[in-house]
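Novice: Below are the chains, spelled out letter by letter.
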Amino acid sequence: MTTDPDRGPARIADRLIEFCGALRAEGLAVGTSEVLDASNALESIGWEDEDGFREAVAATVAKSRGDREVFDLVFDRFFFREAEAEALRRESEVESPDGTGDDRLADLSVEGLAEAVAEAIDSGDAGRMNDLARLSIEVFARDGERSGVVGVDLQRIRRGLGIAPGGDGAGPDPEGRREFERQLRRELERRQIGQLGKLPPARPLRDLNRTLPTRGAADLAQVQRAIFRMKRRLATVGHDPRRGGKGRSIDFRRTARASLETGGVPLDLRYRPRRPRKPEIYVLCDVSSSVSSASTFFLSVVHALHDSFRRLRSFVFIERISEVTDLFQSERDFASVSERITAQGGVADVSGYTDYGRVWREFLEDVSSDLGPRSTVIVLGDARTNGRPPGSDSFRAVADRAKRTLWLNPEPAAYWNYGDSAMAAYAPFCDGVFECWTTDQLEDFVDLLARTGGGTPSVHPAAMAPPRPRY
Amino acid sequence: MTGPEVDSPQTPTEVRDALADASYLADESVALVAFLAQRLGRPVLVEGPAGVGKTELAKALSRATGREMIRLQCYEGLDEAKSLYEWNYRKQLLGIQARAAASDSDEASALDELFAPEYLMERPLLEAISSEEPVVLLIDEIDKTDQEFEAMLLELLSDFQVTIPELGRIEAATHPIVVITSNDSRELTEALKRRCLYLWIDYPDPEREAEIVRLHEPGIDDRLASRLVEVIAMVRDLDLRKPPSISESIDWARTLVLLGADDIDEGTFRESLSTIVKHRADLDLVAEKVAPALGRGEPASSPGG
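Chains as they are written, first to last, in the numbering used here: chain A, 1 to 471; chain B, 472 to 776.
What the hints contain is simulated information worked out from the structure, not anything from laboratory work.
Beta carbons: idealized from backbone N, C-alpha and C, even for Gly.
Check each hint, because a few of them may be wrong.
Stretch-level coverage of chain B by chain A, calculated; a stretch enters the list once three of its residues show a Cβ under 8 Å from a Cβ in chain A [said to hold, decoys possible]:
no.: 1; region: 502-513
no.: 2; region: 661-669
no.: 3; region: 699-707
Pair ranges (Cβ atoms, derived) [to be verified]:
no.: 4; chain 1: B; residue 1: Pro763; chain 2: A; residue 2: Ala85; range: 50 to 58 Å
no.: 5; chain 1: A; residue 1: Gly419; chain 2: B; residue 2: Pro763; range: 45 to 53 Å
no.: 6; chain 1: A; residue 1: Ser123; chain 2: B; residue 2: Leu730; range: 30 to 38 Å
no.: 7; chain 1: B; residue 1: Ala622; chain 2: A; residue 2: Arg340; range: 42 to 50 Å
no.: 8; chain 1: B; residue 1: Ser656; chain 2: A; residue 2: Pro373; range: 25 to 33 Å
To give an idea of the chain A side of the interface with chain B (calculated C-beta under 7 Å), a few residues [unchecked claim]:
no.: 9; residue: Ser44
no.: 10; residue: Glu55
no.: 11; residue: Lys63
no.: 12; residue: Arg65
no.: 13; residue: Gly263
If we strip away everything but chain B, and leave its shape as in the complex, we get (with noise of 0.2 Å):
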């Protein structure tokens, strides 16, 4: 295994501090584990709920660092041929045409260079190992692909290295951080988790999301960002098959900015309800519970009553 980077960060305060630089508000274990993840050279596995900014977190730590981010998304079928590498045919077709023409040389020597790096076509995983400058690997919602992908990944991830048959082994090298984000919509396999810190990201605090709201949406008064997340709340209090996330808060806040509205009625509220709610059940389940309690001009309780 590589030791730690040179340029490491010593303290997780100083990654929280360049998050936040690079516009990415982090809680204590979020910086934590970024940290961990830098420090101990492992790849981070993130889980959470939907839009609570697993992905993001990668293109915070990607400028905060100032290393370019390579970014794998997952889906269903997903293989090594679009995910690590695949030998360019028509390209070896030509070679072999051209060689043909240009001499009658020995032919084996001809054959083993059909298979030299000039022929191979990179895809991510094997662009983050092989690029000469430090990258930040993303691969993001791998409960996506399938068991057999996961164990494709197991060598990048514990060695950094990929074995391809034909070339022998490519070692990193440099040393990527990778950060793998999954919604959880299946168990990863016990193999992949033993190589990977555990970060799970909840809904932040209320004040932690005032504070992101009005980062990503300047515009927007300190008053009416507080009163927006206490709404929020409220609406994620409630048995919702899709709770509003994080991206959905900074929309709403856009949207109000837009519509100029300074403080939040049943009637804003109402206009501009889809933009956080997106399931048709929940409309009406909100509409019904949250909005009355908004037009009657109090300010909402604690939001656990």
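Next up, chain A with everything else stripped away, as it sits in the complex (with noise of 0.2 Å):
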């Protein structure tokens, strides 16, 4: 195995601590004891076929669910480049695009392609989907369709052969088209590496792969385990666990009790469980139009928290505030519940605007005699104004009765206070502002709660600067 220098299993370690890297780069959290690993579990399997390779890497590296999507784009990505990076240092011949098959192309419609495409993608072969990936390629490449940008050819295929997205079910089986723009992009990917003669720059995969999810029910479960690790947290949140022995007091029941197996020697002290203060929280949802991508998102966090607390009050604004607590508690079903929020929700709305100077005014005179010191107050919105006053003072009468005051916001730091987005007049009255327009975002945003519990201001560097022209 070791004679060709080259192939030596020397040269693959390289290639997996490599590919660690890779994936470090990504964000996972591969330490030296799982490279041993994967190299461990590759010398006592076969690796030539590469699913096998795949898995045995994968079980040793990858972690989690959410690891294993980064896992498998990664792989895809590093050893796809790893091959053709080796075509090229040999210099071997990279499929030419203008090869062989000509005279054979010349007489094949883009119609018929189609056809043969969508039959090849509705029986899901993938050995011949990757055949018509390529001769897709050099049929559009003899019409003279062919910009050398990757996505445009890709874009411009697909239209050509009528299987782009979009159709209401009535296009192809998904799954199988996914399937085929993968090899698509595949192929385009190989003949530019080929023409170029050099590798283009690694990009680091875009947070695009793993955003918000906005699609109910089957999302709602990832949602509702952030939430049920939100809501651990904030159940213990303000205590001390290794307090323990001063102002506890003892269960004399379970005591004696245990004093038997002791002869009834009380060694063993039973104390009554301390049982944590439940938080107040107040949930205030922004539901405009500005944040509709999120606000669906945010409706399934509002939905979740109804689970787990009791004593949770939510308010959806938009221009004015409405209080929805009932409306969640007597509706177990998230798309009703949605449904009704905006049917009948009571939102009053006449220009569809948010008014965040107004909806703090009637936050506060609806429920300021209850805001006390247990209370946490939660905003989920971007605090886009539309040029109305922010109302700072009443935001911040409301912040200063409360216990804590939580901000979450659907859009990326970097879009805070440009144009209409009053994040800064709200941040100093805050004891927490997140970005949050991914599920890791909130799981930071959970993990976060936990670490501040006492209530320690932390303000996202981003929240503060630039200073903008008040309105």
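Join the two chains into one complex using the hints; note that each chain is given alone, in its own frame.
Specialist: See the structure below:
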């Protein structure tokens, strides 16, 4: 096995280390022990077959489902590039686009091709799809439709073959279509590498691959998990578990019972469990059109919170605010909740533009007598005031009364305070300001919530700068 | 670290066949990870939706390897005394009294003897470690426990040893196969994950599921079985709170056989719906979306549509 220096285990080990480096660059925690495990695993299986190789490395390196998704994306990219780089290094022929079958291609119509592709997609035959992907690239190159930019060419071929997404289920099977597109992209990249004679720079996976769920129940499960964690942490916030002893009361009945084991001598004191004080939570959720993509997500967060907390009051607002606590409590199904909120939630909405100033005033009127040192106020919104006064005085009054005020913003921090975003007007009064547009960030928020249980302010730096001209 | 077992399998295919003999149809990745677990002596962390056969995998491994299975069911508040070991107070007390009655021997040595192995009550984890015969250790639903419990497991999982302050270190006589399952209701600690091989089990593809159904309910005929998994796939495709799992497919197959059904039409479907869907909101949705499609009597089209 070690006869060829290019192919020996040492070379594989180097590749493996590089690969793990690529995984780390994407945010996976891959430790040295995992790299060791992976190479041990590879030693005990025959890695001639790609699936076995991939599964063995995945089992030792990717330790959650999310990790596995990233792993697959990186694996494809890394070993594809690796194979291409190897081909370039050996100056072996990368198949040229103007290859052999030109005469055969000449009499192939786009329509015939489209039919064949649709057939292959329906049957789900990967090998055939790959052949057809190559063929379509050549056909479209023959017709002079070639820009040299992978994305543009992909679009063009997709449109030409009539497999663009968007049909209401009438088109081909979406799973197969995606597979075909993957093949197309791969082939196009391969050709580009062949033409340029070098690899394009490696780019990190875009965050888009892991953005917020906006689909409803299935993703709701994911949100629910994050919320479940949040619940556990909120329940213990403000407690110091190590501060035992002092102020704890002995449970006499259980102590007496335990003492029977030691002949009536109460060696083992039993205490009454400490009941954590239930937090009171107020959630304010923006449902205006500027956050429409995020509000489905936020509503599902609120919905999940209702499952976990008894003492939770929820409000939705656009131009004015209205309480939807009862609605959430009476309706178990998320789809009908969001339907009823849009239909009859009583969101007084004349212009459809958020009026934050008014919202704070009304909120203060409604609940100010209930806000107290146990209250946590969570605002879900983008702080876009549509040029109206932000009403930071009222917001400050809210924040002063509540123990903690937290703000989740569905926009990336880079967009804060540009245009009509008034984040800087609110941030100083919040105990925490978080960007929250991926589930990862929601989890980070939960983590932070646990760590800053005492209420230490932790404001996202972007929230403060730059100083924004007041309306 | 102890080396691989002498009788460990040579290829993943071997493991797969052995599991099939133990009536567990493993797909490629399951077989591969089960194989690696035995070769590398690493615990396997299995995650996946409820009811896809995570616990069953451990049972099948125990049948396939002929090892006894020791199971630790996790729950909130599980602690060392219930999972690892506990000193038998009562027996210790009796021991003191018996000794006092028998003779007035040297008191110091008598106290030492109180912490001898004979006063130790073994709980599942210690039992798995100290067993003479190699075993399969199943730690079920670890996500239900607290993080402190995970920390306690670390010594056991990485070195297969347990330290008891009064007795010292107890090392594993034989190397157990450890299977840890989790329903992913909370994130497990990095430290635990680092010591395990990771396996995600998802719903199987229709052909394999039909095979599994036939394996567990031999009374069902092939056409009905493939029809059944087709309908199940349709149901899973909806946005349900609790999609039907494999065990529910099997239950449904049994129900259908008991009902003497030879095809799934709207009537049978509505009748037996509650075997596969267990949530009120889901029931309504499924009854509304899937049942009419069956009523027309036409074969269901691809589940994606």
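Novice: Each hint: holds or not?
Specialist: Right, here's what the structure says about each hint:
| no. | hint | result |
| --- | --- | --- |
| 1 | 502-513 | holds (count 7) |
| 2 | 661-669 | holds (count 6) |
| 3 | 699-707 | violated (count 0) |
| 4 | B/Pro763 <-> A/Ala85: 50 to 58 Å | holds (55 Å) |
| 5 | A/Gly419 <-> B/Pro763: 45 to 53 Å | holds (49 Å) |
| 6 | A/Ser123 <-> B/Leu730: 30 to 38 Å | holds (35 Å) |
| 7 | B/Ala622 <-> A/Arg340: 42 to 50 Å | holds (45 Å) |
| 8 | B/Ser656 <-> A/Pro373: 25 to 33 Å | holds (32 Å) |
| 9 | Ser44 | holds (4 Å) |
| 10 | Glu55 | holds (5 Å) |
| 11 | Lys63 | holds (4 Å) |
| 12 | Arg65 | holds (5 Å) |
| 13 | Gly263 | holds (6 Å) |
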